[in-house]
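Trainee: Whole structure, please, built from the sequences with the hints as guidance.
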Amino acid sequence: MPKKESLRARLRKADIRHFDKLIHDQPKEWLLKNFSKRADEYPVNTAMLMRNIVWQLRERIINKEKPPFTELLRTFWYAYIKSTLSRAGALGRERDQYKDLIANIVYMVKDINVMRYKNIGFRDDKQGQRMVGGRANIILFSEKAGHQEFLVDIAKRYSVSALALGGQPSVLNTEYFVDELKKKKVNLKRSFYLFSIVDYDPSGWIIRDAFLNNLKFYGLSHTRVIELVHPDMLSPDEIKISRYPIKAPESMRLKNQNWLKEVHKRNYKNQIYLEKRTIYPNRHKQGKLTLYGLEAESISIKRLTEKLQTVMIPLLGKSEELLKRYELKILDQALKDLMIHKLTI
Amino acid sequence: MPKKEKKPEYIRFNTIKEYISSALKLRSTDKTVKKFIKQFDTAIEATLKDAGKSTKEDRRRTVMDKDILPALEKHLGKRQLTWQEAAGQILKYPAADLGKISKAINNYLRKEE
Chain A
30 MPKKESLRAR LRKADIRHFD KLIHDQPKEW LLKNFSKRAD EYPVNTAMLM RNIVWQLRER
90 IINKEKPPFT ELLRTFWYAY IKSTLSRAGA LGRERDQYKD LIANIVYMVK DINVMRYKNI
150 GFRDDKQGQR MVGGRANIIL FSEKAGHQEF LVDIAKRYSV SALALGGQPS VLNTEYFVDE
210 LKKKKVNLKR SFYLFSIVDY DPSGWIIRDA FLNNLKFYGL SHTRVIELVH PDMLSPDEIK
270 ISRYPIKAPE SMRLKNQNWL KEVHKRNYKN QIYLEKRTIY PNRHKQGKLT LYGLEAESIS
330 IKRLTEKLQT VMIPLLGKSE ELLKRYELKI LDQALKDLMI HKLTI
Chain B
199 MPKKEKKPEY IRFNTIKEYI SSALKLRSTD KTVKKFIKQF DTAIEATLKD AGKSTKEDRR
259 RTVMDKDILP ALEKHLGKRQ LTWQEAAGQI LKYPAADLGK ISKAINNYLR KEE
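Sequence lines, in order, name chains A and B.
Residues 30 to 374 (the working numbering) make up the first sequence, in order.
Residues 199 to 311 (the working numbering) make up the second sequence, in order.
Source of the hints: derived by calculation from the structure; they are not laboratory data.
None of these values were measured; they are calculated from a predicted model.
The C-beta atom is built at its ideal place from N, Cα and C for all residues, glycine as well.
Don't take each hint at face value.
[As the list claims (entries may be wrong)] Not everything, but these chain B residues come out facing chain A in the computed CB check (under 8 Å): (1) Glu255; (2) Glu283; (3) Ala284; (4) Gly286; (5) Leu296; (6) Ser300; (7) Asn305; (8) Arg308; (9) Lys309.
Mentor: Following this line, the structure appears as structure tokens:
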């Protein structure tokens with residue numbers, strides 16, 4: 030079995046190497062000479078160029094040749110990348126190359142694991158949207174920044190952690206959140222309970238899963254998610270008022286199917302109000318299935334608070350051992366119910 | 199300090215990678231293949247040790263079917279855990295995973311209702 034790839038091998042794989050000259054200061058000819066390998070759409074390989082600029086800045090900061098950057102990723106884009114791409118004749122007019130930069134940094138952090146955001150010191154534009162409480166292992170998170178006020182209120186009231194993702198969760202945001210947990214000496218191997226306020230639709234669950242994946246990458250391996258937005262939080266009439274049809278283009282077909290499969294595992298009794306099959310008279314063929322979703326906002330703050338009081342409060346302030354005992358008692362009850370079910374069928 | 203014994207590697211990394219790419223026409227991550235091999239290597243080692251033990255207990259020098267088949271069944275065959283084994287396994291889980299088991303049981307009961 031091969032050994033874990035060395036840092037040098039991982040860098041080589043990503044076409045990253047050391048340059049003595051400052052890449053972002055070099056003229057077009059120099060950029061073309063050094064970064065035209067496997068270039069297709071533009072005169073230079075933009076991914077390779079971006080990664081090397083990022084890596085060079087990291088090297089200079091770590092070697093104390095430069096102070097940490099302490100600015101936003103967007104500022105880094107303007108200060109280092111955009112002008113260099115322009116000089117190399119590689120600035121796209123239609124393509125969002127800022128997104129490409131983010132993807133390349135995520136690749137360097139998560140995929141090939143050669144750096145961390147904090148190595149450069151990037152500032153997190155969502156710093157104000159997260160809190161680490163004294164009961165740090167209880168994490169309330171929302172997909173939208175609109176729930177921020179509610180999160181802050183709950184976080185302050187119960188001294189728990191809270192995070193408003195504000196759309197697709199950023200790896201940077203998660204890295205800094207986990208760093209704050211570490212600073213507070215929270216054991217990352219303990220159980221973490223996550224209370225999720227995301228839209229009840231495929232995109233909402235993709236966002237939730239991406240966040241969980243990021244947490245796992247940074248070392249939180251024992252997490253349990255408790256959904257706060259699902260059809261059983263509403264009455265059938267409320268669902269009929271709040272629901273909206275989920276878009277089903279071909280590109281979303283598989284995602285929608287997977288989401289439905291996951292939803293069915295949970296056996297929400299009101300899920301029936303979120304699925305509608307068109308019936309064709311005189312035809313044996315099954316009609317088209319329309320799926321409906323629920324916005325996170327369809328559950329009122331009052332109801333979310335009530336639910337948290339039932340499901341979150343019993344978990345507060347417990348050590349891992351006490352949590353385990355608490356969960357074992359619940360498991361005991363679940364097993365008794367299962368036993369009765371098996372005896373009576 | 200005694201030298202730590204090196205774990206034997208029964209399955210070759212490249213064989214698995216090549217099989218996935220040429221026979222299955224798929225790609226695979228190194229991490230996944232390593233995890234797969236580790237599980238199998240552990241199971242093979244445990245199977246061989248059990249079979250060897252059975253051979254020695256029978257005062258033979260040749261490992262035979264009657265040694266290897268029960269060991270294979272124990273370590274690689276699909277079988278149900280005894281209730282003691284299941285309970286032992288459950289007690290090892292951290293709190294968050296115990297919660298997931300309760301939830302799975304409750305989901306099952308709701309489905310059956």
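Trainee: All hints, please: hold or fail.
Mentor: Now the hints, each set against the structure:
| no. | hint | result |
| --- | --- | --- |
| 1 | Glu255 | violated (33 Å) |
| 2 | Glu283 | violated (16 Å) |
| 3 | Ala284 | violated (11 Å) |
| 4 | Gly286 | violated (14 Å) |
| 5 | Leu296 | holds (4 Å) |
| 6 | Ser300 | holds (4 Å) |
| 7 | Asn305 | holds (5 Å) |
| 8 | Arg308 | holds (4 Å) |
| 9 | Lys309 | holds (5 Å) |
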